[in-house]
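Listed below, chain by chain, are the residues.
There are 2 protein chains.
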Amino acid sequence: MSKIRVSEIFGPTIQGEGALIGEPTVFVRTGGCDYRCSWCDSLHAVDSDYRADWLPMDAYEIFEKIIKLSKGKPLTVSLSGGNPAIQDFGPLIEMGKKQGYRFALETQGSITQDWFKDLDLLILSPKPPSSDQVVDWDAFEACVRAAQQARTAMKIVIFDDEDYRWAKGVADRYSSLPLYIQPGNHTPPPPDEPDARIDMQGILDRMEWLVDKTLNDGWFAPRILPQLHVLLWGNKRGV
Amino acid sequence: MSKIRVSEIFGPTIQGEGALIGEPTVFVRTGGCDYRCSWCDSLHAVDSDYRADWLPMDAYEIFEKIIKLSKGKPLTVSLSGGNPAIQDFGPLIEMGKKQGYRFALETQGSITQDWFKDLDLLILSPKPPSSDQVVDWDAFEACVRAAQQARTAMKIVIFDDEDYRWAKGVADRYSSLPLYIQPGNHTPPPPDEPDARIDMQGILDRMEWLVDKTLNDGWFAPRILPQLHVLLWGNKRGV
Numbered sequence: 001m002s003k004i005r006v007s008e009i010f011g012p013t014i015q016g017e018g019a020l021i022g023e024p025t026v027f028v029r030t031g032g033c034d035y036r037c038s039w040c041d042s043l044h045a046v047d048s049d050y051r052a053d054w055l056p057m058d059a060y061e062i063f064e065k066i067i068k069l070s071k072g073k074p075l076t077v078s079l080s081g082g083n084p085a086i087q088d089f090g091p092l093i094e095m096g097k098k099q100g101y102r103f104a105l106e107t108q109g110s111i112t113q114d115w116f117k118d119l120d121l122l123i124l125s126p127k128p129p130s131s132d133q134v135v136d137w138d139a140f141e142a143c144v145r146a147a148q149q150a151r152t153a154m155k156i157v158i159f160d161d162e163d164y165r166w167a168k169g170v171a172d173r174y175s176s177l178p179l180y181i182q183p184g185n186h187t188p189p190p191p192d193e194p195d196a197r198i199d200m201q202g203i204l205d206r207m208e209w210l211v212d213k214t215l216n217d218g219w220f221a222p223r224i225l226p227q228l229h230v231l232l233w234g235n236k237r238g239v
Numbered sequence: 001m002s003k004i005r006v007s008e009i010f011g012p013t014i015q016g017e018g019a020l021i022g023e024p025t026v027f028v029r030t031g032g033c034d035y036r037c038s039w040c041d042s043l044h045a046v047d048s049d050y051r052a053d054w055l056p057m058d059a060y061e062i063f064e065k066i067i068k069l070s071k072g073k074p075l076t077v078s079l080s081g082g083n084p085a086i087q088d089f090g091p092l093i094e095m096g097k098k099q100g101y102r103f104a105l106e107t108q109g110s111i112t113q114d115w116f117k118d119l120d121l122l123i124l125s126p127k128p129p130s131s132d133q134v135v136d137w138d139a140f141e142a143c144v145r146a147a148q149q150a151r152t153a154m155k156i157v158i159f160d161d162e163d164y165r166w167a168k169g170v171a172d173r174y175s176s177l178p179l180y181i182q183p184g185n186h187t188p189p190p191p192d193e194p195d196a197r198i199d200m201q202g203i204l205d206r207m208e209w210l211v212d213k214t215l216n217d218g219w220f221a222p223r224i225l226p227q228l229h230v231l232l233w234g235n236k237r238g239v
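Heads up: the protein sequence lines correspond to chains F and H, in order. For the first sequence, UniProt numbering begins at 1 and goes up steadily by one. For the second sequence, UniProt numbering begins at 1 and goes up steadily by one.
Be careful, since some hints might not be right.
It does not matter which identical chain is meant; a pair holds if it fits inside one copy or across any two.
[Claimed, not checked] No more than 25 Å apart at the CA atoms, straight line, and that leaves these computed lysine to any residue pairs for SDA-like:
#1 Lys65 / Tyr35
#2 Lys168 / Val239
#3 Lys68 / Ala146
#4 Lys73 / Leu177
#5 Lys236 / Tyr35
#6 Lys97 / Glu8
#7 Lys65 / Phe220
#8 Lys236 / Trp54
Read the hints as simulated data drawn from the structure, not as lab findings.
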């Protein structure tokens with residue numbers, strides 16, 4: 001069985017973002033990413049400088065850890081990264097679903113996998129211009145198609161006016177997908193200082209900016225949500 | 001056409017609680033309530049001392065105000081109170097839906113209406129022991145039945161251990177309804193001082209208490225959410 005590079009497994013905690021906000025979950029964060037977003041808040045799971053911290057684990061080992069953390073009570077497992085879509089989660093999902101666990105995966109939509117159709121929720125999070133990445137829309141479209149009947153939602157992080165305009169364009173193109181927008185964290189934790197204090201007032205100001213901008217614009221399609229875990233726990237890792 | 005006693009109509013803002021958290025919405029808050037919860041955070045819409053502030057409006061007048069606030073762009077209207085179920089919202093819902101508006105209503109589940117079935121979402125919020133109210137479960141059951149195909153969710157505010165145990169019992173009884181639990185606001189705004197400062201650290205502590213208690217208990221069924229508007233804007237009214 002192939003190995004998955006795991007940066008961290010932690011929980012149970014609550015999902016802090018998007019469609020599953022507030023949902024009890026265990027996170028499996030994988031190491032490695034095909035993107036390098038300018039404002040990445042998870043560099044410890046992206047930058048290959050931290051590769052030595054990524055533990056190769058097979059599906060059995062990962063599921064054993066999930067069962068231990070959840071004391072064997074089924075819950076939603078959040079597959080995150082890095083880009084978790086570069087790993088092979090098919091066997092873990094198959095194994096977990098037999099025992100009643102549910103699986104949600106968040107990815108930028110650059111890489112498709114057959115097993116997307118087995119997810120309970122696929123969250124596609126295309127990266128806006130401020131990330132300095134360029135979205136491959138054919139690859140994104142392939143992800144939407146791969147999910148098939150799996151519930152799919154979109155999440156877009158918005159830092160500035162250009163991101164906002166871009167998000168509206170994407171929303172028009174994928175109007176059938178539920179959309180969640182959230183302000184960016186302009187003070188992502190340095191990877192070596194995971195518990196660094198953040199600029200909470202700035203975080204709140206950016207949320208207020210996004211709420212005001214969206215509502216004044218009469219754009220009522222997306223839900224507007226903060227990173228709840230940041231409001232509750234700052235940048236602290238592992239909660 | 002019968003009149004509805006309106007305490008306030010405001011928005012667009014985002015829904016701060018429960019199943020629709022983050023959703024752009026206009027609130028219609030009615031005056032009058034058959035309950036007197038010990039920790040009520042909307043006394044200005046409950047206590048008959050404030051009755052003179054409640055404007056009798058018919059469905060046309062209310063819808064006109066909603067259209068003005070939303071600039072004619074359909075969105076979700078949140079019917080709130082007091083207990084909005086003591087008013088007749090049938091004509092407003094019929095009128096609004098024809099123009100693409102959606103309607104969500106939150107009530108404690110003490111009074112049923114035929115028009116519950118026309119809602120896009122009915123949120124039933126039975127009040128726990130700390131409220132000093134006694135739930136009439138036959139009336140609650142009648143609300144669940146009246147909703148029929150309308151999407152229905154449950155929301156329970158939890159202040160202490162007794163409320164928590166009670167919530168678990170209610171959840172067992174209505175396990176098919178999606179459940180949202182939230183910590184109570186122990187510093188509700190005095191009705192004459194709507195913008196009074198609140199004890200933010202206490203609010204955060206209570207959220208952390210509820211998250212820890214629920215997750216350590218292995219109770220993964222409910223989503224656990226704060227009152228987002230309180231985190232963002234304190235007790236400020238009209239946002």
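- Task: Run the structure past the numbered hints and jot down the numbers of the failing ones, going up.
- Result: Result: hints 1 and 3 break, sorted rising.
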